[in-house]
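Work the whole structure out from these sequences, hints included.
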Amino acid sequence: GDSVTQTEGPVTVSESESLIINCTYSATSIAYPNLFWYVRYPGEGLQLLLKVITAGQKGSSRGFEATYNKETTSFHLQKASVQESDSAVYYCALGDRDSNYQLIWGSGTKLIIKP
Amino acid sequence: DAGVTQTPRHEVAEKGQTIILKCEPVSGHNDLFWYRQTKIQGLELLSYFRSKSLMEDGGAFKDRFKAEMLNSSFSTLKIQPTEPKDSAVYLCASSRDREDERLFFGHGTKLSVL
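Chains as they are written, first to last, in my numbering: chain A, 1 to 115; chain B, 1 to 114.
Rather than coming from a laboratory, the hints here were simulated on the basis of the structure.
Remember, predicted model here, so these are calculated numbers, not experimental data.
Certain hints may be false.
Stated by the list, open to error - Computed from the model, here is a short list of chain A residues facing chain B with C-beta under 8 Å:
| # | residue |
| --- | --- |
| 1 | Pro42 |
| 2 | Leu46 |
| 3 | Gln47 |
| 4 | Leu48 |
| 5 | Tyr101 |
| 6 | Gln102 |
| 7 | Trp105 |
| 8 | Ser107 |
| 9 | Pro115 |
Unchecked claim - Straight line, CA to CA, 16 Å or less: simulated EDC-like cross-link-like pairs of lysine to aspartate or glutamate:
| # | chain 1 | residue 1 | chain 2 | residue 2 |
| --- | --- | --- | --- | --- |
| 10 | A | Lys51 | B | Glu99 |
| 11 | B | Lys110 | A | Glu44 |
| 12 | A | Lys51 | B | Asp100 |
Said to hold, decoys possible - Label-pair distances were calculated between CB atoms; the ranges are:
| # | chain 1 | residue 1 | chain 2 | residue 2 | range |
| --- | --- | --- | --- | --- | --- |
| 13 | B | Asn71 | A | Lys114 | 45 to 51 Å |
| 14 | A | Ala80 | B | Ser27 | 34 to 40 Å |
| 15 | A | Gln78 | B | Gln80 | 42 to 48 Å |
Ideal Cβ placement from N, Cα and C applies to all residues, glycine included.
If you want it as structure tokens, here you go:
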């Protein structure tokens with residue numbers, strides 16, 4: 001079936017260090033997967049961080065990057081130097097270009113940034 | 001733009017009660033989603049509306065869960081009767097249309113069923 005697996009949290013990183021949150025997906029019934037990272041900052045609703053709809057392409061936002069790798073079925077989220085304001089819960093999600101309403105969500109990764 | 005507004009933020013219900021959760025989507029958005037979030041199951045889609053028409057009614061959630069969209073700016077999710085296993089955070093989200101897939105979420109309603 002279709003599924004998303006991401007790094008189990010919480011993940012604790014010191015400020016200015018690099019970050020990677022792993023996301024792998026299985027899209028057995030989806031011909032054209034779209035991949036998303038959503039984020040929920042403390043006190044706010046979930047919001048889109050970045051999305052990529054074409055294999056091999058990279059999405060970026062707020063210093064975060066993720067590359068859609070079809071060979072390894074991965075969409076890892078990376079940032080070279082984190083800030084305290086990056087503390088949040090990050091969700092990887094898999095969508096279907098032909099049926100965009102049904103997203104398959106990862107379980108979320110809580111990121112804690114140590115000052 | 002005002003974001004997605006959900007009320008109430010917290011709800012406590014006795015087993016067997018009927019509760020109604022409310023959602024106002026972002027103005028001008030045509031798609032509206034109701035999700036349930038728990039630690040074990042994560043985010044689960046309950047209902048999906050496109051231009052006020054129900055497109056997805058959540059399969060396994062059909063028997064006690066009913067979402068309605070009375071107009072383009074207001075939706076409700078009724079749970080009747082509630083059970084303790086319904087304790088979760090209920091999230092409402094909206095998006096502009098099929099071409100713009102970005103989901104905008106509300107803060108959610110935390111439901112506790114005793």
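Here is what the structure says about each hint:
no. : hint                           : result
1   : Pro42                          : violated, 11 Å
2   : Leu46                          : holds, 4 Å
3   : Gln47                          : holds, 7 Å
4   : Leu48                          : holds, 5 Å
5   : Tyr101                         : holds, 5 Å
6   : Gln102                         : holds, 6 Å
7   : Trp105                         : holds, 4 Å
8   : Ser107                         : holds, 5 Å
9   : Pro115                         : violated, 26 Å
10  : A:Lys51 x B:Glu99              : holds, 13 Å
11  : B:Lys110 x A:Glu44             : holds, 14 Å
12  : A:Lys51 x B:Asp100             : holds, 11 Å
13  : B:Asn71 x A:Lys114: 45 to 51 Å : holds, 47 Å
14  : A:Ala80 x B:Ser27: 34 to 40 Å  : holds, 37 Å
15  : A:Gln78 x B:Gln80: 42 to 48 Å  : holds, 45 Å
The earlier numbered hints that this structure contradicts are 1 and 9.
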